[in-house]
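Let the sequences and hints guide you as you build the complete structure.
Spelled out from the first residue to the last, the chains are:
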Amino acid sequence: MIRIRVILFSLAFMAWILLTWSVHVQNVFVGLVVAVFVSFMTADLFTASPNIFRNIFRYLWFLYYIPLFLWECFKANLDGAYRVIHPDVPLNPGIVKVKTVLRSDTAITILANTLSLKPGTMTVDVDKEKGYLYVHWVDVKTQDVDGATKMIVHKFEKILVRIFE
Amino acid sequence: MNDAIGFGFIVMGIAFDFFGCLGLVRFPDVYNRLHSSIKCITLGTSSILFGLFLIEGFSACGVKALLCILFLVLTAPVSAHVLARSAHKFGTKLCKGSVCDKYAEDKDALS
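Those protein sequence lines, which keep their order, are chains X and D. Every position in the first sequence, counted from 1, becomes a number in this note's numbering once 41 is added. Every position in the second sequence, counted from 1, becomes a number in this note's numbering once 1307 is added.
Careful, some of the hints might be misleading.
List time: in silico PhoX-like cross-link candidates among lysine-lysine, alpha-carbon distance up to 20 Å [what the hints assert, rightly or not]:
#1 Lys191/X with Lys1403/D
#2 Lys1409/D with Lys171/X
#3 Lys182/X with Lys1396/D
#4 Lys1400/D with Lys138/X
#5 Lys169/X with Lys140/X
#6 Lys182/X with Lys1409/D
#7 Lys1414/D with Lys140/X
#8 Lys140/X with Lys196/X
#9 Lys171/X with Lys1414/D
#10 Lys138/X with Lys1396/D
#11 Lys1414/D with Lys138/X
#12 Lys1403/D with Lys140/X
#13 Lys138/X with Lys1409/D
#14 Lys169/X with Lys1414/D
#15 Lys169/X with Lys1403/D
Sample of chain X residues lacking proximity to chain D, with all beta carbon distances greater than 10 Å (derived) [to be verified]:
#16 Met42
#17 Ser51
#18 Val75
#19 Ser80
#20 Met82
#21 Thr83
#22 Leu101
#23 Val125
#24 Lys169
#25 Asp187
#26 Arg203
Stretch-level coverage of chain D by chain X, calculated; a stretch enters the list once three of its residues show a Cβ under 8 Å from a Cβ in chain X [claimed, not checked]:
#27 1341-1355
#28 1385-1393
#29 1396-1405
Just so you know, the hints here were simulated from the structure itself, not pulled from any lab data. Ideal Cβ positions, reconstructed from N, Cα and C, are used throughout, including at glycine.
This is the structure:
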């Protein structure tokens, strides 16, 4: 528990310093007080297993994930802009069900966020016990659970498993 | 040079924001409108902020812009998810051309 608090304290303090961008005594003191308060209040919400912070490969996979995510986000924007300026507004929407193998809270959150920002999909609800995500898809290609999983989730899931699980 | 690239990013961001707002008007129902607003406006606003960072450099203003990008990317999809979920729970129907609604089927099966 103390290790989680130290990690959380340093993150909060770093965010404070970046946000104020000055090392004046007053700022640093208030930052210390706030960071201690935050780390004591929210330590049990943070993560269950601090050991995953030690593995260097997780950071490398995360670095690989960022450009992939940005590229998908950019493609999503071009796709959205195309659908908006097309005279007929080409839509084929529906809510499909996809399956995920991820179990930890952080991983499912990041997966749902990524699906919301990738082209054509948006997460509507998560069923954590059974591992299902309900995804609103602008251009439904298949209504089958396995087919939709392969088309929507698979690409990100195999990287997120390496980062968070 | 940094100024020129920064202004380029800002122009790109304004264009994407414009398309996002246009989507809010043109798309038929709440879910499709959320699509357009969440994608275009997240990246559009992020690139405006990134352009500001390139112009300002590592100063108080530029670093705040970078942090804002981080918070925006983390929180905007969550808010879209909450809006879509609450709209569905409230009973908002999908628009007329919709193909399937597995979420409503599963909810009916449970209740």
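Verification of the hints:
Proposed proximity of Lys191/X and Lys1403/D is contradicted: the alpha carbons are some 27 Å apart, above 20 Å. Proposed proximity of Lys1409/D and Lys171/X is supported: the alpha carbons are some 15 Å apart, at most 20 Å. Between Lys182/X and Lys1396/D the alpha-carbon distance is near 25 Å, which puts this suggested pair outside the 20 Å criterion. Of the supplied pair hints, the one linking Lys1400/D and Lys138/X holds, its CA atoms being roughly 17 Å apart against a limit of 20 Å.
A threshold of 20 Å between alpha carbons decides the hint, and for Lys169/X with Lys140/X the separation of about 10 Å falls inside it, so the pair holds. Distance hint between Lys182/X and Lys1409/D is fulfilled; the C-alpha atoms sit about 14 Å from each other, no more than 20 Å. This hinted pair checks out: Lys1414/D and Lys140/X have alpha carbons roughly 17 Å apart, not beyond 20 Å. Proximity of Lys140/X to Lys196/X is assessed by CA-CA distance (about 13 Å); at most 20 Å being required, the pair is judged to hold.
For the proposed pair Lys171/X and Lys1414/D, the alpha carbon gap of about 14 Å is at most 20 Å, so the pair holds. About 17 Å separates the Cα atoms of Lys138/X and Lys1396/D, which keeps this hinted pair within 20 Å; it holds. Under the criterion of a C-alpha separation no larger than 20 Å, the hint pairing Lys1414/D with Lys138/X is consistent with the structure, at around 12 Å. Our distance criterion of 20 Å between C-alpha atoms is broken by Lys1403/D and Lys140/X, whose separation comes to about 27 Å.
Proposed proximity of Lys138/X and Lys1409/D is supported: the alpha carbons are some 6 Å apart, at most 20 Å. Straight-line distance between C-alpha atoms of Lys169/X and Lys1414/D comes to about 15 Å, which keeps the hinted pair within the 20 Å bound. About 30 Å separates the Cα atoms of Lys169/X and Lys1403/D, which puts this hinted pair outside 20 Å; it is violated. Residue-level check passed: Met42/X sits 25 Å from the nearest beta carbon of chain D, beyond 10 Å.
The beta carbon of Ser51/X sits about 16 Å from the closest Cβ of chain D, which is more than 10 Å, so the claim that it is off the interface holds. At roughly 15 Å from the closest C-beta of chain D, the C-beta of Val75/X stays outside 10 Å, upholding its exclusion from the interface. Listed as a non-interface residue, Ser80/X keeps its Cβ farther than 10 Å from every Cβ of chain D; the least gap is roughly 19 Å. The Cβ of Met82/X sits about 19 Å from the closest Cβ of chain D, beyond the 10 Å cut-off, so the non-interface label holds.
A cut-off of 10 Å between C-beta atoms confirms that Thr83/X is not in contact with chain D; the least separation is 15 Å. With a closest Cβ-Cβ approach of about 20 Å to chain D, Leu101/X is found to remain outside the 10 Å limit, as its non-interface label requires. For Val125/X, the shortest C-beta to C-beta distance to chain D comes to about 5 Å, within the 10 Å cut-off, and the non-interface label is violated. With a minimum CB-CB distance of about 13 Å to chain D, Lys169/X clears the 10 Å threshold, and the non-interface call stands.
The beta carbon of Asp187/X sits about 13 Å from the closest Cβ of chain D, which is more than 10 Å, so the claim that it is off the interface holds. Distance check on Arg203/X: its Cβ is at least 20 Å (rounded) from any Cβ of chain D, clearing the 10 Å threshold; non-interface status holds. Check result for the region 1341-1355 of chain D against chain X: holds, 9 residues qualifying (beta carbon to beta carbon below 8 Å, three or more required). Only residues whose C-beta sits within less than 8 Å of a C-beta in chain X count toward coverage, and the region 1385-1393 of chain D has 5 of them, enough to reach three; the restraint holds.
Proximity of the region 1396-1405 of chain D to chain X, defined as three or more residues with a beta carbon under 8 Å from a beta carbon of that chain, is established by the 4 residues found.
Of the numbered hints stated above, those contradicted by the structure are hints 1, 3, 12, 15 and 23, listed in ascending order.
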